[in-house]
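Make a model of the complete structure from these sequences and hints.
Letter by letter, the chains look like this.
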Amino acid sequence: MKMTAYLKINDLHKSFYPHGKTLKVLDGIDLEVEKGEIFGIIGFSGAGKSTLARCINRLETSDSGSIELGGTDILKLSKSELLKERHRIGMIFQNFNLFDSMTVYQNIAYPLQQARVPKAQIKERVLETSELVGLTDKLKVHPGALSGGQKQRVGIARAIVTNPDFIISDEATSALDPQTTIQILDLLKEINRKSGITILMITHELDAIRYICNRMAVLEEGKITESGLVRDIFENPNSKTGELFAKVFRLLQSVELTQGGGI
Amino acid sequence: MSLLDSSLWEVIKASLSPDIWKDLWGPIGETLYMTVVSSLIMLVFGLLIGILLTVTNPDGLVPLKASYTVSGWIINCLRSLPQMIMIILMIPVARLIFGKAYGTNACIIAIAASCIPMYARIVESSLLEIEKGKIEAAQAIGSNNLSIVFKILLPETLPSLIRGFTVSVISVLSMTALAGMFGAGGIGDIAVRYGYQRFQHDRLFACVYILIILVQLIQGIGNLVSKQILKTRNLI
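Residue numbers (the working numbering), protein chains in the order written: chain A, 1 to 263; chain B, 1 to 236.
Calculated directly from the structure, the hints in this document are not laboratory data. Each hint should be verified, as a subset may be incorrect.
Claimed, not checked - Quick list of simulated restraints, FRET-style, between CB atoms:
1) Leu251/A / Pro63/B: 24 to 32 Å
2) Gly134/A / Leu78/B: 48 to 56 Å
3) Gly134/A / Pro58/B: 38 to 46 Å
4) Ser67/B / Leu75/A: 25 to 33 Å
5) Leu230/B / Glu81/A: 33 to 41 Å
6) Leu230/B / Gly228/A: 48 to 56 Å
7) Glu81/A / Leu89/B: 43 to 51 Å
8) Ser78/A / Glu129/B: 28 to 36 Å
9) Tyr17/A / Tyr33/B: 51 to 59 Å
10) Tyr33/B / Leu127/A: 48 to 56 Å
11) Pro58/B / Lys76/A: 45 to 53 Å
To be verified - Taking lysine-lysine and the DSS-like style, the derived pairs with C-alpha atoms no more than 27 Å apart in a straight line are:
12) Lys76/A / Lys35/A
13) Lys151/B / Lys79/A
14) Lys76/A / Lys8/A
15) Lys84/A / Lys132/B
16) Lys151/B / Lys140/A
For each residue, glycine too, the CB sits at the ideal point set by N, CA and C.
Here you go:
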């Protein structure tokens with residue numbers, strides 16, 4: 001089956017200049033993510049993962065290169081066009097970033113209000129989405145009363161409530177315990193299967209990638225050092241990071257075999 | 001009754017007598033009037049300036065380095081003036097607005113001029129407390145800056161804003177007492193005229209009680225409201 005690239009990144013560069021020093025965070029990124037797939041990007045902290053994620057919806061400005069998302073040239077959008085485009089891109093964060101002043105219902109409804117969806121439709125969409133993520137009994141409470149896993153469910157609901165075509169998950173499960181991580185990954189998988197939404201998973205967790213992604217890329221010091229099927233990279237790594245990850249992976253597997261635990 | 005010829009105990013007893021308190025209700029009213037009106041003016045302008053400072057901050061939503069630097073410099077200048085000097089400086093301004101340079105309303109201008117810059121800084125530091133991730137989440141959702149300020153920034157930092165306002169209202173109250181020296185009336189006026197100039201220490205003591213009660217009340221209400229909000233949000 002021939003798939004079409006939904007996200008196309010070409011030769012993306014981004015540098016920071018802390019204290020007069022030049023720090024090349026993204027150094028010529030080329031990436032293609034196909035429509036409807038869950039694509040993983042793995043890398044150590046400091047590899048540029050978050051910067052890459054934030055360049056896609058322009059939370060971070062890029063220095064040069066191009067980002068095409070669903071046929072739209074993201075870097076060429078005007079400010080008002082960008083705000084509209086962002087309604088079509090969901091984002092999930094490691095620290096959830098929910099609004100404490102709002103109830104769960106209001107948190108999920110917020111993106112719809114910002115997209116000027118009519119009130120009657122908002123209620124319908126919020127109820128639908130909260131049912132999908134399994135939060136119907138928590139709509140009236142504030143996020144402060146929720147567990148980490150529940151908070152991330154709200155985060156996911158908030159990201160998908162506007163029916164976006166694309167979700168950026170920036171370390172969405174990194175703050176969660178293993179059991180909750182699996183539940184959240186299952187939820188993302190289910191959402192992907194039901195609505196065909198394309199998901200870009202940015203993480204440093206091997207297990208998360210192995211569990212949910214079909215293809216992945218390894219990010220190393222601002223460069224994509226290899227990309228392809230998850231299985232191939234784990235079995236036959238060609239980059240420093242890939243090798244290290246594969247090593248850790250095998251180690252974990254042997255621990256699993258001897259102890260019968262882990263994910 | 002004075003401490004010069006009476007014991008402390010006698011002065012305290014006299015300070016609680018109805019004779020003294022019957023003359024105090026008027027000044028209490030003036031003090032409350034000055035405090036409430038000045039605080040409201042401070043609230044409106046302090047919030048506005050505080051929001052502008054936060055938004056134009058180099059790391060803010062609309063970084064405007066020149067405007068941020070200049071307004072920060074002006075605020076620091078205004079804040080370096082002692083309250084008494086601000087009252088003197090505002091005399092011509094009050095004369096321009098009210099036609100006279102003394103009285104309760106004239107002093108409200110001085111109090112506002114002195115407390116707005118302070119409150120603006122307090123607002124700024126409250127608003128800067130917000131977790132950057134929340135702003136980022138709102139931006140990723142596609143919110144414009146106006147929505148981010150009024151739907152995210154202010155509501156999220158509300159408990160801290162209320163605590164800051166409480167502190168500022170207390171400082172307004174203490175300045176109304178000072179303004180009493182400059183013909184503003186109120187508790188400060190009684191304390192100066194009777195307590196200082198005529199050695200009537202019983203009246204001075206009564207003024208002290210009133211100020212203590214008012215401060216306790218203001219702080220208590222501020223704490224209660226901000227705590228209640230945190231409780232509603234399940235944050236404590």
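Problem set entry | Hinted pair lysine 151/B and lysine 140/A, Cα distance within 27 Å | Holds. Lysine 151/B to lysine 140/A sits at ~18 Å (cutoff 27 Å).
Exercise. Holds or violated: 48 to 56 Å for the Cβ distance of leucine 230/B and glycine 228/A?
Worked result: 50 Å, holds
Exercise. Are the Cα positions of lysine 151/B and lysine 79/A separated by 27 Å at most?
Worked result: 20 Å, holds
For this session: Confirm or reject the claim that leucine 251/A and proline 63/B have a C-beta distance inside 24 to 32 Å.
Result: 46 Å, violated
Exercise. Using the C-beta atoms of glycine 134/A and proline 58/B, is the stated range 38 to 46 Å upheld?
Worked result: 42 Å, holds
Exercise. So the hint says 43 to 51 Å: do the beta-carbon atoms of glutamate 81/A and leucine 89/B match that?
Worked result: 50 Å, holds
Problem set entry | Hint consistency between lysine 76/A and lysine 35/A [alpha-carbon to alpha-carbon, up to 27 Å] | Between lysine 76/A and lysine 35/A the Cα gap is close to 22 Å, so the pair holds against 27 Å.
Problem set entry | Hint check for lysine 76/A and proline 58/B - Cβ pair distance inside 45 to 53 Å | Because 26 Å falls outside the window, the suggested range is violated.
Problem set entry | Holds or violated: lysine 76/A to lysine 8/A, with C-alpha atoms at most 27 Å apart | 14 Å, holds
Exercise. Is the hinted range of 48 to 56 Å satisfied by the C-beta distance from tyrosine 33/B to leucine 127/A?
Worked result: Holds: the Cβ-Cβ distance is about 50 Å, inside 48 to 56 Å.
Exercise. Does 48 to 56 Å hold as the CB distance between glycine 134/A and leucine 78/B, or does it fail?
Worked result: 54 Å, holds
Exercise. CB of serine 78/A to CB of glutamate 129/B, is that within 28 to 36 Å?
Worked result: 32 Å, holds
Checked against the numbered hints above, the structure breaks hints 1 and 11 and satisfies the rest.
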